[in-house]
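Turn these sequences into a full structure, and let the hints steer you where they fit.
Which chain is which? The protein sequence lines are A and B, in order. Residues 1 to 221 in the working numbering are what the first sequence spells out, letter by letter. Residues 1 to 221 in the working numbering are what the second sequence spells out, letter by letter.
Worth double-checking, as some hints may not be accurate.
What the hints assert, rightly or not - Quick list of in silico lysine-lysine cross-link-like pairs, DSBU-like style, CA-CA up to 30 Å:
#1 A:Lys191 <-> B:Lys34
#2 B:Lys95 <-> B:Lys152
#3 A:Lys95 <-> B:Lys58
#4 A:Lys83 <-> B:Lys213
Claimed, not checked - Reference excerpt, derived from the structure (chain A facing chain B, CB under 10 Å, subset only):
#5 Lys34
#6 Gln43
#7 Glu104
#8 Tyr112
#9 Ser117
#10 Gly128
#11 Leu153
#12 Arg155
#13 Met164
#14 Asp171
#15 Lys173
#16 Gly183
#17 Ile194
#18 Ala200
Hints were generated in silico from the structure; no laboratory data involved. Idealized CB from N, CA, C, for every residue including glycine.
Protein chains: 2
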Amino acid sequence: MRNFHTAAALLVCMSIIAAAPIAAGETAAGGAMKSLGAKTFAQPCPVWVIGSYDAAGKPNVMTASWAAICCSQPPMVTVSLRKATYTYGSIMASKAFTVNVPSEEFLKEAAYFGSVSGRDVDKFKESGLTPVKSSLVNAPYIKEFPLVIECKLARTVELGLHTMFIGEIVDVKAAESVLGAGGAPDVAKLKPLIFAPGNADYYGIGASLGSGKEPKKETGK
Amino acid sequence: MRNFHTAAALLVCMSIIAAAPIAAGETAAGGAMKSLGAKTFAQPCPVWVIGSYDAAGKPNVMTASWAAICCSQPPMVTVSLRKATYTYGSIMASKAFTVNVPSEEFLKEAAYFGSVSGRDVDKFKESGLTPVKSSLVNAPYIKEFPLVIECKLARTVELGLHTMFIGEIVDVKAAESVLGAGGAPDVAKLKPLIFAPGNADYYGIGASLGSGKEPKKETGK
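Okay, here's the thing in structure tokens:
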């Protein structure tokens, strides 16, 4: 049974945004800028599904958007989670997690994984998706998702409502169908989801805009 | 004079990706997943322009994509920078920075800000954009950009090639033209840029995909 009264990670974030007090208005010099107060309004945010095992070894997943790549050498990602989440305790104990990147076709699953707690339901069973035990870290990944990043927990940073989990990337696995000519995942094939704080809906990836580099004015070197 | 030989933050990230060794192949159980090794291939990533003052008080900006919201209470953002960047030293000294979110129309400026160092050029002067001194934190923001987040440095975390700068959000300022009906920035109006590791081009925001929630099967509560 799907337990929709459980606070969803994304919905909690959005309700916090909505409840935050508005700071006094301030206008930028000469501009029409409006002060919105101290809110989490940076955009765009990713939609990543975090995989972990609970203490009983049950695979669980939750959706998070306060997340990013945070280091190139060693390759690392960071995901911020509230202590109240079931995943928080699981990663603290297992010292590992996976980042599963949904494509647009998994929109419904991504929203569902952020709307219920693994304390109450078996999200793999409910969604029909398949947990695969990583051979590299103590965490499950979602077989059907096109891009998976396997991480061992490197560090945690307590910030307030959220705790930052910093994971060292041990391997990236991708469906051959989303790889580009250079062998890296091609965002236009992957079609990842985008979360935008303050917006109720998810968004897709748009058109390529080019590199932003000016064409060279001179030929030769 | 634009100094394109200076290493660009994004290009360095991409070249690191390209240079990293490929791990031994591994196939997910029953799937057609390809192991790509330990690489920074999570997607999508934001394109944020980080504003700071150098020791002489000169306003500077650089483009970064290893960045995210990282806490809701207090509202915080994290941006990872290499020690080699000019901005690294500036934020360490000034203890403040701004996150300036470019819309698609500022693609060229965002790419430029990631391709040269503030050590070598005055990026505001070269781009023609206008620095505004924040009245709340010791950092400049870009007057022409539609969304600005002013941050005081809360913490730094040394990870390796990158250092994580964690900033507490003091205020968010947005152009009235990008605000939605609820008063928050509307991603469809803002049109932020997207960076996708492994892809040479920037991308725009695509269509709204809805909330991913199933329609209710029953009326009433």
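Open item on the list: Tell me the numbers of any earlier hints that the structure contravenes, in ascending order.
Closed with: Structure breaks hints 3, 9, 10 and 11.
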